[in-house]
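What follows is the residue order along each chain.
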Amino acid sequence: MPLAEPVNEPAPPPAAVVAPETARAYWRKTSNLMWTVLAIWFIAGFGVHVFAPSLNPIHIAGFPLGFYFAAQGSLIVFVLGLWWFAKRQNQIDEEFGVQEDE
Amino acid sequence: MSATTGGKDPFIANLNKIYAGYTGGFLAFVVILGILEQLGVPDRIIGYLFVFLTIGVYAYIGIISRTAQVAEYYVAGRKVPAVYNGMATGSDWMSAASFIGMAGSLYALGYGGLAFILGWTGGYMLVAVLLAPYLRKFGQYTVPDFLGARYGGNLARLIGVVVLITASFVYVVAQIVGVGIITQRFLDVSFAVAVFLGLAGILVCSMLGGMRAVTWTQVAQYIILIIAYLIPAILMSVKVTGVPLPQLMYGVALERIEGLEAAFRAAGQTPPPGVVGFHTAPFIGPNGQFSMSAAVNFFALVFCLMVGTAALPHILMRYFTTPSVREARASVAWSLFFIFLLYFTAPAYAAFGKLEIYQNFINQPIASLPEWVKNWQIMSPYGVPWINIVDANRDGILQWNEFRIHPDVVVLATPEIAGMPYVIAGMVAAGGLAAALSTADGLLLALANALSHDIYYKMINRNAPTKQRLIIARALLILVAIAAAWTAGNMGADILFLVAWAFSIAAAGLFAALVMGVWYKKTTNTAACVGMVVGYVVTFGYLIWSEFFGLYFVELFGTKEAILNAARAAANLPQASAELKAYASALVANASAIQDGTFAWFGKALSGWGMNTDHVVLRGRIVARLWGINNISGGIFGVPLAFLTIYVVSQFTKAPSQAMQDFVESIRIPKGGVRLADAREAVKE
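Note that the protein sequences, when read in sequence, are chains A and B.
Read in the numbering used here, the first sequence has 14 at position 14, and its numbers run on one by one without any break.
Read in the numbering used here, the second sequence has 253 at position 253, and its numbers run on one by one without any break.
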């Protein structure tokens, strides 16, 4: 156990780096992007696979379509979706001037 | 590789050159061994060379990356570029289960096995969007650090540590079992010796250099595991279709498998136990008809694996190591890309392997099976040979249900099944070893860091000097590793099914508290602690109860028919204990007296959708299923409950202070410093 309770250093917290209104607007836009990505996630992760039994009779290059979506199609959507998200979020950061200092 | 503090680390600056040289070196090594094999060097020597030389390289990287700095030890100095962190996360993530087990599950389950493919990739969307950038901005050392800082100190931190240890420990034990299985086969030593050899390999990577050493070893391991996975798949694709793109060409294999399955069925044959007879058909029961229970379990498993991905601390802590928030986001995308390379190959691997077996072995005389089959007829830790040839009808011909291959050896045995040179089999073994070792490294580090940093430094001795903290961290790493190896050696493969539990436990215990800590400012300390406990207890409790006390579970939640069925199954179960058998027989003898369980109304709440509370016989036990959901997906109950609890309790408890709300604001924005609500939560480097 520590001998003494560590002192609560009175060092003032760094001041807010952006105005509260900017922060709010930034967060609103970021939240919208979050919901968009979650919608993509839900459709690619769950939604399309509900229809797998009806998609499977369609064969493309030998692949039953329902099987293909679960084995490859959705994965490609996830990977591309993340690249797009990283790019889009960087744009939003720059739009509100809240990106990290280099 | 000296421990520089400035921005110009010569090692970081030359990463591309170093790893390109390393990749070339590995390929040259494979070619040389291939030549040696042609010159008549025995298989056994080739196996030894693969195992010892790769472990030697990992050990070398581990030793040159040693460090005496806390920030290097815990977060690799936060200077791992996004691409390399992506590779390291890839091998941290892909365990023995991914490398060895997944194509095997796909081989056995067909479409049903795709739940693992979807679940173990889609979770990265949650990581990237909901957590990684904010945890990086928060920027301390561990996931419990965040819980402690956000939710008022040691109670939340402690709960986080308990969940972390439960999930990571069962996971790391399974990796060590995986290492044991591979070394046992390729070095010809006993399982117990193999486990401790593997342990030495793991420790030498992580002990001296912590996260820094583990990061650069994991990159090296990723390169080996991806090469080892892709080459056999490419060779099989060339053999069957003439085109070296297995991921595009296995549609051909799928079509032929469907044709062969139909032909076997037409001849009155049945698939071997545990293998579905309809490879590409979704959500089916044993006869190929639609099954609601199969569909529900598929989606529940996908959900639990995805949310579990986003809650496992050994993955989340990898995003503490990038230089910036921006790189953390890019790094998640790279991680998923590197994982994707293996995961979109796995169904191809499974399809080509299955086709080889169906075409070349089924309906052939057993006497004419090739020589290598004998190598795999050694006993597995499950009590049956890895490849079990059972001439059930004694006609000397191998029927569909007479070739029984354990899913765990499908990947390891496929090169031999497809008639490739032994050097490929050795390379695949080295890849499996890399996958198991890299994940074990990451998990052990997460466990040891939780104990040394969160428990010892933050809760017991806040004034510990740097040197002492690192000594404690290393000592705990060794202790945890020995405990895990001991458990693996004693319980063996019986514990492998626990891996899937790790996802449900982490998902239910941590995910809601982490996400709401960032996204819902009004989340209170009490709410988060209660929510984590509720998620953890409900999920872990359900897993234990349904797995080990299945009959009693059904007695409480089942209808009288379900109870009678479970009792009949228990009475006839060869592996059941004498007491359970006696108890079940007594129930069956007195069948007319059985009443609906006390909570049968709850158990049949969803029976309108075909989801009944029942049991299945698995792993030699009566395993209960609430609403027909397998306990592998137990997190489906815990995760929503944790979110609900946190939200509701937050409405009734004292709102977080302004300082805390400022803290949340500050981690939401990439720019600027983090404003901790409590200065004592700061970590001294």
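Incorrect hints may have been included.
[Said to hold, decoys possible] Not close to chain A: a few residues of chain B, all C-beta gaps over 12 angstroms, as computed:
# : residue
1 : P10
2 : I63
3 : L114
4 : G123
5 : V127
6 : L130
7 : I284
8 : V325
9 : Y382
[Unchecked claim] Pairs of lysine to any residue residues, derived as SDA-like cross-links and limited to a Cα-Cα distance of at most 25 angstroms, are as follows:
#  : chain 1 : residue 1 : chain 2 : residue 2
10 : B       : K671      : A       : P20
11 : A       : K87       : B       : K560
12 : B       : K560      : B       : V518
[To be verified] Computed from the model, here is a short list of chain B residues facing chain A with C-beta under 8 angstroms:
#  : residue
13 : I117
14 : A281
15 : R568
16 : A571
17 : Q575
Note that these hints are calculated values from the structure, not bench results.
The C-beta atom is built at its ideal place from N, Cα and C for all residues, glycine as well.
Comparing the hints with the structure gives:
no., hint, verdict
1, P10, "21 angstroms, holds"
2, I63, "34 angstroms, holds"
3, L114, "4 angstroms, violated"
4, G123, "9 angstroms, violated"
5, V127, "9 angstroms, violated"
6, L130, "7 angstroms, violated"
7, I284, "9 angstroms, violated"
8, V325, "6 angstroms, violated"
9, Y382, "27 angstroms, holds"
10, B/K671 to A/P20, "14 angstroms, holds"
11, A/K87 to B/K560, "57 angstroms, violated"
12, B/K560 to B/V518, "46 angstroms, violated"
13, I117, "6 angstroms, holds"
14, A281, "7 angstroms, holds"
15, R568, "33 angstroms, violated"
16, A571, "37 angstroms, violated"
17, Q575, "34 angstroms, violated"
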